[in-house]
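Chemist: Chain residues, written in single-letter form:
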Amino acid sequence: MTNRSRANSGGQTEEAVEPAKATQLFFVWRKLRTSKLAVAGLGIVLFMVILATLASLIAPYDPEWTGISRRPPSMEHLFGTDARGRDMFTLVLYGARISLYVGVAAVALEILIGLAIGMAAGYFGGIIDEVLMRITDLILTLPTLPLLIVAVILFQTQSIHTIVLVMGLFGWPFMARVVRSEFLTLRETTFVEAARSMGASPWRIIIRHILPNVLSTIIVIGTMDIPWFIFWEATLTFLGFGDPSSPSWGVLLERGYLYLRREWWMITFPGLALFFTSLGFNLFGDGLRDALDVTTRGR
Amino acid sequence: MSGAPLLSINDLKTYFFITEGVVNAVDGVHLKINKEEVLGLVGESGCGKSTVALSIMRLIRPPGKIVGGEIWFEGHDLLRKSEEEMRKIRGGKVSMIFQNPTSSMNPVYTVGSQIAEAIKLHQDVRKHETDEKVVEILHKVGIPDPGKRAEDYPHEYSGGMCQRAMTAMALSCNPMLLIADEPTTNLDVTIQAQILELMKALRKDFGASILLIGHNLGVISELCDKVAVMYAGKVVEYSKLEMIFEKAKHPYTQALLESIPRLDAGAERLRTIPGTVPRLINPPPGCRFHPRCEYAMAVCSKQEPPHVEIGQGHTVACFLYTENGRTKRHR
Chain A
1 MTNRSRANSG GQTEEAVEPA KATQLFFVWR KLRTSKLAVA GLGIVLFMVI LATLASLIAP
61 YDPEWTGISR RPPSMEHLFG TDARGRDMFT LVLYGARISL YVGVAAVALE ILIGLAIGMA
121 AGYFGGIIDE VLMRITDLIL TLPTLPLLIV AVILFQTQSI HTIVLVMGLF GWPFMARVVR
181 SEFLTLRETT FVEAARSMGA SPWRIIIRHI LPNVLSTIIV IGTMDIPWFI FWEATLTFLG
241 FGDPSSPSWG VLLERGYLYL RREWWMITFP GLALFFTSLG FNLFGDGLRD ALDVTTRGR
Chain B
1001 MSGAPLLSIN DLKTYFFITE GVVNAVDGVH LKINKEEVLG LVGESGCGKS TVALSIMRLI
1061 RPPGKIVGGE IWFEGHDLLR KSEEEMRKIR GGKVSMIFQN PTSSMNPVYT VGSQIAEAIK
1121 LHQDVRKHET DEKVVEILHK VGIPDPGKRA EDYPHEYSGG MCQRAMTAMA LSCNPMLLIA
1181 DEPTTNLDVT IQAQILELMK ALRKDFGASI LLIGHNLGVI SELCDKVAVM YAGKVVEYSK
1241 LEMIFEKAKH PYTQALLESI PRLDAGAERL RTIPGTVPRL INPPPGCRFH PRCEYAMAVC
1301 SKQEPPHVEI GQGHTVACFL YTENGRTKRH R
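Protein chains in written order, with my numbering: chain A, 1 to 299; chain B, 1001 to 1331.
The hints are simulated quantities; they were obtained by calculation from the structure and are not laboratory data.
Remember, predicted model here, so these are calculated numbers, not experimental data.
Do not take every clue at face value.
Here are a few chain B residues that face chain A, going by a calculated C-beta distance under 8 Å [what the hints assert, rightly or not]:
| id | residue |
| --- | --- |
| 1 | Leu1059 |
| 2 | Gly1091 |
| 3 | Ser1095 |
| 4 | Phe1098 |
| 5 | Asn1106 |
| 6 | Pro1107 |
| 7 | Ala1118 |
| 8 | Arg1149 |
| 9 | Met1297 |
Footprint (simulated), chain B over chain A, 3 or more residues, beta carbon under 8 Å [said to hold, decoys possible]:
| id | stretch |
| --- | --- |
| 10 | 186-197 |
| 11 | 200-209 |
For every residue, glycine included, the Cβ atom is placed at its ideal position computed from N, Cα and C.
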């Protein structure tokens, strides 16, 4: 209480907006901190992000450097070397960059499309809702993997960006549905009715009154979907529809599985990286769900 | 200016078109509210009170539709205004308080910022002035330590405080008409009394007309100058408050009055009105109250009773008081 009132002593003036936002974050953090798993998740996520951004500094070798191939893990090569003698540790570090980019970029696309479609369908209802939701259903009924493969092939250029684009273009239906259902519920609430009775326009109601109430749901789903997209990219790559020039974790897995019998390290370490990243985002997302609930703040 | 009423509703019809048929929620309602007057609109649940309120605000949403009538406010028919014009009126000249105070506020914004937004929507004021206004108006509605409490979120307010804050928001732009849709339901009895006291005080302060909607004549009587009694989508009796209490004419009004618990009435059983408000998809023919009315006559189920003026500004829609109605029974 004291913290907030001190930070907000300037009231709702422009100058006070910054501290107000800072305290919002502070409250989310305070709630998040109470869950050990959530903090662990955040730790893993931050760790991965730092490794990915500082990959060029941390990595002991250049990703193109080749030495003796198929060396088991040692002090020299922490994760061993691959079939062409590249340092696996370096590759996993650089792979983190690509895999995280894939996850975040695809989620950004998912939010963009899912939010727009969900908001329109949920708020306006009627024929708009009907048309948009049938399109959503259509995409949901199609089996994801073949759909992605066909779409990737149709694009012809096998670039990591086309994979992100394709996953974003087909990954939004779940988000759209959740956003729609939240809007359906919220547009009937008394506070939206009250906003209307105060003369707010539909656009204002959507953006200022309903959207902030959906934001936490969007953030949570988005967080949880990052590993989901990383996995899909890995799957596509593993099946040979990836972009070999961008060595994501999926590419490493695909290269490594041939040597699974004897050179286990080639597939194990990228796999573990994938596993921990996924775990981290999921734990963090789960904790966020509770922490972002405004009504339990400060309790 | 006492001549022209602030708001006058003529033959308002608001229907809901649902799959089972057409619900005649409001079917030919006439009402008048003069300046600085408090009109109570009473009736059982489901008789169309809130629909009248939402019709005035033009907030009826599909499947509902205003199908006929006029709503004259300050010399303009609100039903002919564009949506844009209505938006300026809502919250500016006419504002509304709802019956669920705790859910009438957006949970993600502080109370103060929500009131500030209402002010910014309708008035051209600078930021720090807005803040001063917010604190001032919160103080007026009796929020203790308003400067600090303005920074609180709605869930940190009690139900009564939320209703005070909602009232503050509704009054923030000095409306000429305040519509209070059962402002005290869902509140504790003590808080109810406080809110009514508050509205009484504010009425003097702000000089706004109030349309007070409720199902409890006892609560309504605290505040009103005039009372309109609604039954099944129609106004059945309209009069000054004293007249309603002393000389209620319509059998429905009489029954309503007898179902108010009284301290001086001894330990008799409270009277109840048998039955419920009819489904408004297929309202009973003639007078809609006749199936529950103990004075029902043959004509009641055949014709709709006209509104007859039986005293100064006292109208009633019942065949007991029409010229050709054979009986002129008084109780």
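Chemist: Out of the numbered hints, which ones does the structure contradict?
Modeler: 8, 9
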